[in-house]
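**Student:** Here is what each chain is made of, one letter per residue.
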Amino acid sequence: MSWLAARRWQLLGVAVALAVVVAGKQYYRAASAGELGWILAPTARLVSSVSGTRFVYEAGIGWVDRGATFIIAPACAGVNFAIAGFLALVLGWLRGMRDARSLIARLVGAAALAYAATLVVNTLRIVIAIALHRGTIDVGTLDHAEVHRFEGIVVYLAGLCALYALAGRIAPRSRHAVV
Amino acid sequence: MRLSDRLSRVRPMAIPIAAYLIITLALPAAHGAGARAEFGHHALWVAAGCAVVIGLALVASLALDGVRRGMRRVRGGGA
Chain A
0 MSWLAARRWQ LLGVAVALAV VVAGKQYYRA ASAGELGWIL APTARLVSSV
50 SGTRFVYEAG IGWVDRGATF IIAPACAGVN FAIAGFLALV LGWLRGMRDA
100 RSLIARLVGA AALAYAATLV VNTLRIVIAI ALHRGTIDVG TLDHAEVHRF
150 EGIVVYLAGL CALYALAGRI APRSRHAVV
Chain B
0 MRLSDRLSRV RPMAIPIAAY LIITLALPAA HGAGARAEFG HHALWVAAGC
50 AVVIGLALVA SLALDGVRRG MRRVRGGGA
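First to last, the sequence lines map onto chains A and B. With the first letter of the first sequence counted as 1, position 136 gets the number 135 in numbering that gives the first Met the number 0; the numbers rise by one all the way through. With the first letter of the second sequence counted as 1, position 49 gets the number 48 in numbering that gives the first Met the number 0; the numbers rise by one all the way through.
Bound conformation, chain A alone:
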């Protein structure tokens, strides 16, 4: 059997992952708050319950808490994290993709896990951002916008690494790539 034939399901997995990445980025670039409701609405609900805020939907803007003077806008949706998480999980589970069934199971599993992880990690990121905004976490004379940006990068990166490590533990039969 040729190298290509032996790895056809893995190559198909990579192709699907790359197609999702490109299509996802394209979709996210132009999506409105309403169109992102599938991810922004549950995130806003989770943030409200964790931080004691009350975010309500305002058409054309996003989820707003006027008391906290904070907006969960399309840019806060975490779609980039979801796409990166999906890509990392698919790459990590490649070795377990040996036939159509295992390929579909892993692609669906990666999508579901990436979505759930996005809700959790993005909620954490936004709750910390609200604490920074309120001054509960003191950043002194540092630029609040830069601190908010850096906090997002660190929380997302750490969340991605944690998601990848967790995926290696919950799917041992998939022969996770490096964990």
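Treat the hints with caution; some may be incorrect.
Claimed, not checked - Reference listing, derived: stretches of chain A covered by chain B, where coverage requires no fewer than 3 residues with Cβ under 8 Å from a Cβ of chain B:
no.	region
1	126-134
2	149-157
What the hints assert, rightly or not - Among chain B residues calculated to face chain A with C-beta under 8 Å, some are:
no.	residue
3	Ala18
4	Leu24
5	Ala25
Since the hints were derived computationally from the structure, they do not count as laboratory data. From the three backbone atoms N, C-alpha and C, an ideal C-beta is built for every residue, glycine too.
Given chain A's structure and the hints, the job is docking chain B onto it.
**Tutor:** Okay, now just chain B, sitting in the frame of chain A:
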């Protein structure tokens, strides 16, 4: 433990970090975002974020080693 051994501990972070870099830097750059000054600024923050997360993982790995060594010593002393 040698530095190379220590660094091998953070090797599992390569795929998630690479995925993040592809999504946040490589694809926007391929889309022409690289020409904007703001993009370079953003790339610097992302690089700093990567350094912090890898650094935290190394510190956590050191701390875990310390805890394991301590527990082994306690068990050995009690035997």
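**Student:** Each hint needs a verdict: does it hold in this structure or not?
**Tutor:** Against the structure, the hints come out as follows:
no. : hint    : in the structure
1   : 126-134 : violated (count 0)
2   : 149-157 : holds (count 6)
3   : Ala18   : holds, 4 Å
4   : Leu24   : violated, 11 Å
5   : Ala25   : violated, 10 Å
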